[in-house]
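As you go down the protein sequences, you meet chains G and C in turn. Take the first sequence: its position 274, counted from the start at 1, is 273 in numbering that gives the first Met the number 0, and no numbers get skipped. Take the second sequence: its position 204, counted from the start at 1, is 203 in numbering that gives the first Met the number 0, and no numbers get skipped.
Keep in mind the hints are simulated off the structure, nothing from the lab. Heads up, some of the hints might be wrong.
[As the list claims (entries may be wrong)] Interface residues of chain C toward chain G, partial, derived using beta-carbon atoms under 10 angstroms:
#1 Asn-6
#2 Glu-77
#3 Ala-80
#4 Leu-193
#5 Arg-194
#6 Pro-196
#7 Gly-232
#8 Trp-235
#9 Ala-271
#10 Pro-273
#11 Val-274
#12 Leu-281
#13 Gly-286
#14 Ala-325
#15 Pro-329
#16 Glu-358
[To be verified] Every beta carbon over 10 angstroms from chain G, so not counted as near; a handful from chain C, in silico:
#17 Phe-2
#18 Glu-9
#19 Gly-42
#20 Leu-100
#21 Ser-133
#22 Ser-174
#23 Ala-184
#24 Thr-199
#25 Glu-233
#26 Phe-256
#27 Ser-260
#28 Asn-282
#29 Thr-283
#30 Ser-290
#31 Thr-314
#32 Leu-352
[Stated by the list, open to error] Some but not every residue of chain G turned toward chain C, in silico, with C-beta under 8 angstroms:
#33 Ala-22
#34 Arg-23
#35 Arg-25
#36 Val-174
#37 Arg-185
#38 Ala-205
#39 Thr-209
#40 Trp-283
Glycine included, each C-beta is placed from N, C-alpha and C at the ideal position.
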Amino acid sequence: MSEIGEAIAGQIDRLLNDGNTPARLRRLEGGEWLADTWAALEEMGLPLALVPEEVGLSWADAAAIWQVLGRHGAPVPMGEAMLANALLASPVEGVVTLGDRAAPFGRFAAHALTETGLHAVTGHTPGLNLAREPRDALVLGPATGAGAATLRLGLALLRAALMAGAARHALNLAVEWANTRKQFGRPIGKFQAIQQELAVVAGEVAALETAVGIAARAVDAHGLAGAGFEIGCAKVIAGEAAEATARRVHQVFAAIGITEEHELHHFTRRLWSWRDEGGSERAWAAEIGAQAIARGGAALWADITSRDVRTA
Amino acid sequence: MRFDIPNLPEGTDALRANVRAFLDQYDWGPEVRARSWMGFDRGFSRELGKRGWIGMVWPKEYGGHERSGLERTVVLEELLAQGAPVGAHWIGDRQSGPLILRLGSEEQKRRILPGIAAGELAFCIGLSEPDSGSDLASLRTKAERTNEGWKINGRKIWTTFAHLSDYMIALVRTSPAPEGGSRHAGLSQFLVDLRTPGITIRPIRDLLGDESFNEVTFDDVLLPPDALLGREGEGWAQATSELAFERSGPDRVLSSFPALSMGLDAVGPEAAVPVGRLIARLNTLRGMSLSVAGMLEDGKSPAREAALVKDVGNTFEQQLPEAIRALLEPETTPPALRRLLHDLTQLSPTFSLRGGTREILRGIIARELGLR
């Protein structure tokens, strides 16, 4: 990760770490567009962060930024805008979404990038994912420019990175709760049963963060089109970690964690939603597995190690 | 905890290719490949020693080859991916050698390290005792000073390959734990020549029918003064300082890898999803292990990261043979794969025991999280 990437990630974290995360996500899920949040992030130059001749961050930087957004529930589609502008020959102003069928925040977008090109958004049928984030069917104008063949790969990396952030935050919340909530005269985090559950979550979250890091590195080394394997691996691990994390943190929180009022569900519902987006873990595993089976057992280890990034 | 992936150094490809070409001459059966680093073959270890693939990172003056830790990791990965029988030098290369290099006297280093690097000297680790397992600091084997050196009495158990090894590094009590103080005080490490009179080594047959671990009894065993390794009373810190090396290596991820490579040729296209999940996890956990190797190479002490890698790695190692088995009918599974799965199934309980149990590792992770 570069110094400037780290600085920007820190800046975003400070901006969103204002104690209003649950309120923001509640507003969003109630149908509001968070214009102030979008404007503040836009002012930081984020939409152009991945455009080489603009901010020119690496994909490793972007993945770190997406994890920060994920830790705050990604209240605006800034990751989508970063990705769209990275794939476009010339960047677009304003809110730009990805795809046309369940387009993230599509109702608020002026443009949509699809595999056929860039379109103006001319209408929409509203839809929601299970986290009650807008996922809209769009009516699009004619395509201009080239299509983004690697859109699916970018979207998978974006979702995996956001999930790593959301899972990390869910774990942090659970640790804080375990150290606060007292039963039998002591914090429940003193009980080995709770410790062991959360240690498992820590392993899953660390694996997911590593998988995202590996994928982003691979994109930096080989481009999106050349990093399908690593991105697929990251999305598989994201889906598996999401299930394990959500199940266990809810167990630790017990009843309070399933109340509407509590912050936790904004993150667990996002984990459950995002695992279906950008290709489910099943879809990516099918691709990885089919290729490995076709290549045969003797090739497996050589294929995996041949993808290592070496010192130039 | 952050698991950044290091770039592999230049020349890694050639090194991998060399190791692969060398391993291609061997055609191990499933019984060998399942055991991998639980297989003891001095002849094979000597061949590796000749090629400079043991003690790779040690100084040349002690028989080492002054290669980087990441190059060493590459060699370990290649050996494990094939399920090579590396047990005769594994512990010496991974733990005992590095410990002697760091804490041993000049004489100890010159006497021992070249032998390990040549694949000639095999080591075992004397930690557990009949009443001291996870609660290691409660151990009772003791060493007393004599006019000529030390006298050891007590008993070690579950000592892997003691019956086949030349030396043991034993953790024993040299002074009582201070009243009300830390039980970690008063422990010391000894470099024990296993031919010394008074040592009785009794192999304990395991559920697989193998004799791999042992009970080792010390009955008035007299050791010379220079058998003390490192500093008297510092044994706990010395023994635990090696845990990052012991717990994070590719041997905590790849123990059952041959089930995946052999399994790929036995399953049909309908197995793509479960196979893809396994490969995604393998690739990720391998990255975590490489990451800790990078931290070690940078001189950091990633003990907690290593505990986490071992826990997630062991879980994968145990799931892998079960996942392959679930894709096949026993009757139509190719015989070699079936034998491999049979042995791995019986070996797999040890994966989350050896080198620190799952529960102990998760306790370490919980402490890192800020619980406890």
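Worksheet item: Does the no-contact call for Leu-352(C) survive, Cβ to all of chain G over 10 angstroms?
Response: holds (16 angstroms)
Worksheet item: How about Ala-80(C): closest beta carbon in chain G under 10 angstroms, or not?
Response: holds (4 angstroms)
Item to complete: With a cut-off of 10 angstroms on the beta carbons, see whether Glu-77(C) makes it to chain G.
Response: holds (8 angstroms)
Worksheet item: Minimum Cβ distance from Leu-193(C) to chain G below 10 angstroms?
Response: With Cβ-Cβ at 36 angstroms, over 10 angstroms, it is violated.
Item to complete: Mind verifying the non-interface call on Ser-133(C)? Its CB should be farther than 10 angstroms from each CB in chain G.
Response: holds (12 angstroms)
Practice prompt. Identify whether the interface hint at Pro-196(C) stands, where standing means a beta carbon of chain G within less than 10 angstroms of its own.
Written response: violated (44 angstroms)
Discussion item. Quick check on the hint: Thr-209(G) CB to chain C CB, less than 8 angstroms?
Written reply: holds (4 angstroms)
Practice prompt. Answer holds if the nearest beta-carbon of chain G is closer than 10 angstroms to that of Ala-271(C); otherwise answer violated.
Written response: Constraint on Ala-271(C) satisfied, holds at 3 angstroms.
Fill in: Closest C-beta approach of Leu-281(C) to chain G relative to 10 angstroms, hint status
holds (7 angstroms)
Discussion item. At 10 angstroms, judged by beta carbons, does Thr-199(C) keep clear of chain G as stated?
Written reply: Check passes; 37 angstroms lies beyond 10 angstroms.
Worksheet item: Checking the smallest CB distance to chain G, is Ser-174(C) really beyond 10 angstroms?
Response: Fine: 32 angstroms to the nearest Cβ keeps Ser-174(C) off the interface.
Fill in: Cβ separation check - Asn-282(C) to all of chain G, threshold 10 angstroms
Label violated. Min Cβ-Cβ 5 angstroms, cutoff 10 angstroms.
Violated hints for the displayed structure, listed by number in ascending order: 4, 5, 6, 7, 8, 14, 15, 17, 18, 26, 27, 28, 29, 30, 31, 33, 34, 35, 37.
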